[in-house]
Amino acid sequence: MRGLSRSLLQFVCTVLLGALLSASLVRFAPGYGMTEDLLDTRLSSLTPIDPAPSLSAYYVQFLAGYVRGDLGQSATLGRPVRDLVAERAPTTLTGVAIGLTLAWTASSLLSFTSLYSPALSLSLTAISAGILQCVPAGIVALLLFLLGWHSAPGAGLAAGILVYPRIAQYLMQLIAQAWQSPHVVHARAKGLTEWRVFLRHVLPVCAPQLLSLLGLSLILSLGALIPVEAILDVPGIGQLAWQAALARDLNLLVNITVLITALVTCSNLLLELCGNALRGEVR
Amino acid sequence: MNATLLRALRIVCAAYLLTLAAAGFLAPFAAPFRYETQFRDAIDAPASPRHPLGTDSLGRDRFSRLLYATRTSLLLAPAAAFLSVLLAASLGSLAGWAGGWLERLLLASADLAVSVPWLFLLITLRAALPLDVSPLVSLLFTFALLGLLGWAGPARVVHSSVRQILASGYIRAAQARGVPPFRLLFRHTFPNLTPVLTAQFWTTVPAYLLAEANLGMLGLGVTEPLPSWGSLLRELQGQAFSLAHLTTHLWLLAPLFVVISVILSCRFVWAARIDPTKVSS
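These protein sequence lines are chains Y and D, in that order.
Residue 10 in this note's numbering sits at position 10 of the first sequence, and the numbers go up by one each step.
Residue 5 in this note's numbering sits at position 5 of the second sequence, and the numbers go up by one each step.
Here chain D stands alone, though its shape is the one from the complex:
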């Protein structure tokens, strides 16, 4: 693909993400109604100037809920990704730096964590949460779980990067000059890990957005009345009677459009920085 076109597309995607993030963060001011406000005279109402995306089965304005859900998902998925990358950076660096039994133990733990289908683990831990917790606690717990369970893959990448850095010439030269180990780690190793950690962060965010969407669709994500993209997609499950019904009620697909477009934009801006067509045979 043309490099100029790629750059332009990347800018468009970044602008879209920023606009959506701003709309989400300003939801209390930008949304016409609160996410829990019910309009009992307009249950399951179609799209109208008052309710641009209609109302749900409890009479709540879908557009307002979508804005609040955007705030929830766009704030907490990066927070969970940050937690994962922080854990991965700490444990991966420790494994690469310490070597020996500690390295073997940490890598074996990472292998174990990777070998568990994590949706099974996630729903198991999510199900252990008591029923009487507030929606906010369930929200924070869901994303904290995502952050805590996703460390293993990035940790392996960080570990191999640290090993590579430690084997490089400038580290050997620094060691030979008697630079203390901590200075070597913080001044010479960590700064060189930044690109790896940034890449891991931006590939983890879409994965967590998808995981939350799946959990929400299963009814195991954020609890009502707090909206998230997952819980809005769950509503689609109850409304999608047939394909024909969906084509005449296109506003129902708005949350799906937002989820797919955000994940696509994230991937495009951050993960697809290398033009695949340049990898020639």
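Isolated chain Y (complex conformation):
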């Protein structure tokens, strides 16, 4: 219970701090509060100039907007940020889901191979992950674009290719370590089959770390989707963030970043709780 309240407090602090940083960034950005009228001397003499609010006042406005579900207006697209995010979130979430499924499936298959041939499995992981880790995300996206995969599943495939190396390497390391632990050696010495040892003695021990890895892979795949969606021209949140960055639409950009951070923190919190429950069960 104490752990849960601490995690919730951490989540709330993260969101509040993230919102404060974002509000500061928007408030002090070059050109904040400037309109075309102000730049034209004829018009600016006619239009009364509203003084920009202080940071604290702006932050209160910002938070009040959050509470009401109002994330402000996109300066370049002229639409509410909430609508833009809601419109594009399903595409991005589909990409993330496809990417994570592909990456985890490939990594799990390799780790299952380690039951029969550990050296081959480790070498395969080291080579495939080592090479894929050296390729920029944009290049993977460009290659898929040339192959005609410019769609949400294509973005998912690219995210999977980009997230796979981290998952595969960590998963293999984790399983290799668990495989060497005394209780597993004892179980194997007793003559249990490899699969039984793996499912009953290796997986339960690794489960909490696997959940942490799932959280990490979510962060990685969301980050990877910015260049991927931008290059594949997939209308997701990554592409929206890129367009906002190019157009210096800071209100849109910081709101996307805060929402993504809140999503990641929330999912990490849930995974941590599941991990703690599993740890208790293993003990």
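Treat the hints as calculated values from the structure; they're not laboratory data.
Misleading hints may appear alongside valid ones.
[To be verified] Sample of chain D residues facing chain Y (criterion: CB under 7 Å; computed from the structure):
| id | residue |
| --- | --- |
| 1 | Leu20 |
| 2 | Ser115 |
| 3 | Ile123 |
| 4 | Leu243 |
| 5 | Ile263 |
Think of the CB as a built atom: it goes at the ideal place given N, C-alpha and C, for glycine as much as any other residue.
Chain Y is fixed; fit chain D onto it per the hints.
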């Protein structure tokens, strides 16, 4: 893999990196032209003895630009990695050393920094940069951002290493002998952190090279006319009409080859010092 073969490969990779770094640093002398020199009679020219990698859409020599870009990326990615590791060493050591609320605060900050998909944060901060800054400022800002945002992961590693060192027998013995805290920190703790910090530095450099390449491909990296690997890869985006076009214009892939080979070499020389096949079941 055979240990001798591994060592030989490592030497080859290190030699390759050194050669490339030397070529990059000597770019003003080694490059046939300046990176911004335009040849208006040779726009988008194919590879030729005069322009070994052809020219870009503005008629600039690609080979010269690649050499200058190598200088930019190979100088600034390690500088950014150094900044990250310096921050991580300071904050991680402070957290491990001080304990209590300061440790909790610093670790919570590290957790927060790790939980933000950093490309989102990076493009947000990069977009806040005014439009009228010079290319050099944009270059320094981009790499400084990379350095400042990448402290959290290494800081956690440094923190756990400091805790381990502080719990070790020789530190207890030194404490028992009345060694002052600062001497304990600077004479007995920091020297033992060197391998951890070196490993963090050499794993961070490829990550920053990749981050710069991605930012450049998105048009949010170093601004024109200064070349970087990212901006050269962005050019590939405009030239890659089809796979068939690329196979007949292989010189367009030169920046990609350099980026991948450098990152692979960095990883091979520094990160893959442990032979994975030796981890047996």
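Hints violated by the structure (numbers, ascending): 1
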